[in-house]
Amino acid sequence: MGDSHTNWTTMFLHILSLLCSVCNTYGVASTASPSCTSDEYRAGQVCCLACPGGYRVHRDCTATSNSLCSKCPDGTFKEGLSGQKQCSACTECDPGLGLKVKKWCTPTSDAECEIRDGFFCSESADKDTFSKATLSCQPHTIFRCDFWMQIQPGTNSTDSTCTPDVLRFFLRIGSLCLVPLLMVMIGKRYIHLFYVSRYIKLLSCIMVTLNLHLSYYIKLLHVSWLHSTNICIIVPLN
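Each residue of the sequence shown is one higher than the last, beginning at 314 in this note's numbering.
Some hints here could point you the wrong way.
Cβ pair distances, simulated, as ranges [stated by the list, open to error]:
(1) Lys-398 x Pro-466: 46 to 52 angstroms
(2) Pro-365 x Gly-388: 17 to 23 angstroms
(3) Gln-465 x Cys-349: 56 to 62 angstroms
No more than 30 angstroms apart at the CA atoms, straight line, and that leaves these computed lysine-lysine pairs for DSS-like [what the hints assert, rightly or not]:
(4) Lys-415 x Lys-398
(5) Lys-398 x Lys-384
(6) Lys-384 x Lys-415
(7) Lys-398 x Lys-416
(8) Lys-416 x Lys-384
(9) Lys-413 x Lys-384
Everything labelled a hint here was simulated from the structure, so no lab data went into it.
None of the values given here were measured: they were computed from a predicted structure.
From the three backbone atoms N, C-alpha and C, an ideal C-beta is built for every residue, glycine too.
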């Protein structure tokens, strides 16, 4: 009788061992961590609630507590829900690099920079805004163009340049020759009416005109001889 009881006990333990083995085999699959949702992040084998924009994860969740979030410090930001534990530094728009602030940094978004007036950035051909200002811009070159050229203003992506201007060339050449010729004709007409000193002043006026033209002034000059006051007047045309 004792042997029979022992056999039944041994058989029961053996069956129980087999059942436990099967349970353990299927338990691995059943206890695997599920996929986290869009408002969660994975911390080890568990899914924790993500922190909103402007906040970072200060401490991960546990089996008995939720995630602990803390506000981003000044000068930093974090966009949207995430499990980030550090906020990103805001972009600085350095005036020394030819940049200025277009949009200020907030706890949930980065700053945006744009090019200052009078500067250009060759790397920014099709950009007016920079979320990350890592490039340096240069000021537009100030040219003193030749009399037959005109200044082509610079843009955000190109420097200013001097470009040929045919019309300007002929206007300058024409004014250079015509004005002195007219003054000589006027001088011949009145040479018998004025004193020699006045004629000398007339010649001085012509020389001033020539010098001004040879200096390549941008605007044409109109020279008037007022014989009543004996004064040579040089007026820039608008």
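Range hint compliance [Cβ, Lys-398 to Pro-466, 46 to 52 angstroms]: At 49 angstroms between Cβs, range holds.
Cβ distance range 17 to 23 angstroms for Pro-365 and Gly-388, holds or violated: 19 angstroms, holds
Pairwise beta carbon distance, Gln-465 to Cys-349, judged against the given window 56 to 62 angstroms: With a Cβ separation near 57 angstroms, Gln-465 and Cys-349 satisfy 56 to 62 angstroms, so the hint holds.
Given pair status - Lys-384, Lys-398, alpha carbons within 30 angstroms: With Cα atoms ~11 angstroms apart, Lys-398 and Lys-384 stay inside 30 angstroms; holds.
Straight-line alpha-carbon gap Lys-415 to Lys-398, limit 30 angstroms: Since the Cα atoms of Lys-415 and Lys-398 sit roughly 28 angstroms apart, the hinted pair holds (cutoff 30 angstroms).
30 angstroms Cα cutoff - pair Lys-384, Lys-415: 24 angstroms, holds
Pair hint outcome, Lys-413 versus Lys-384 [Cα-Cα no greater than 30 angstroms]: 27 angstroms, holds
Straight-line alpha-carbon gap Lys-416 to Lys-384, limit 30 angstroms: Satisfied, since the Cα-Cα distance of roughly 21 angstroms is no more than 30 angstroms.
30 angstroms Cα cutoff - pair Lys-398, Lys-416: 25 angstroms, holds
In the structure shown, no violation is registered for any of the earlier numbered hints.
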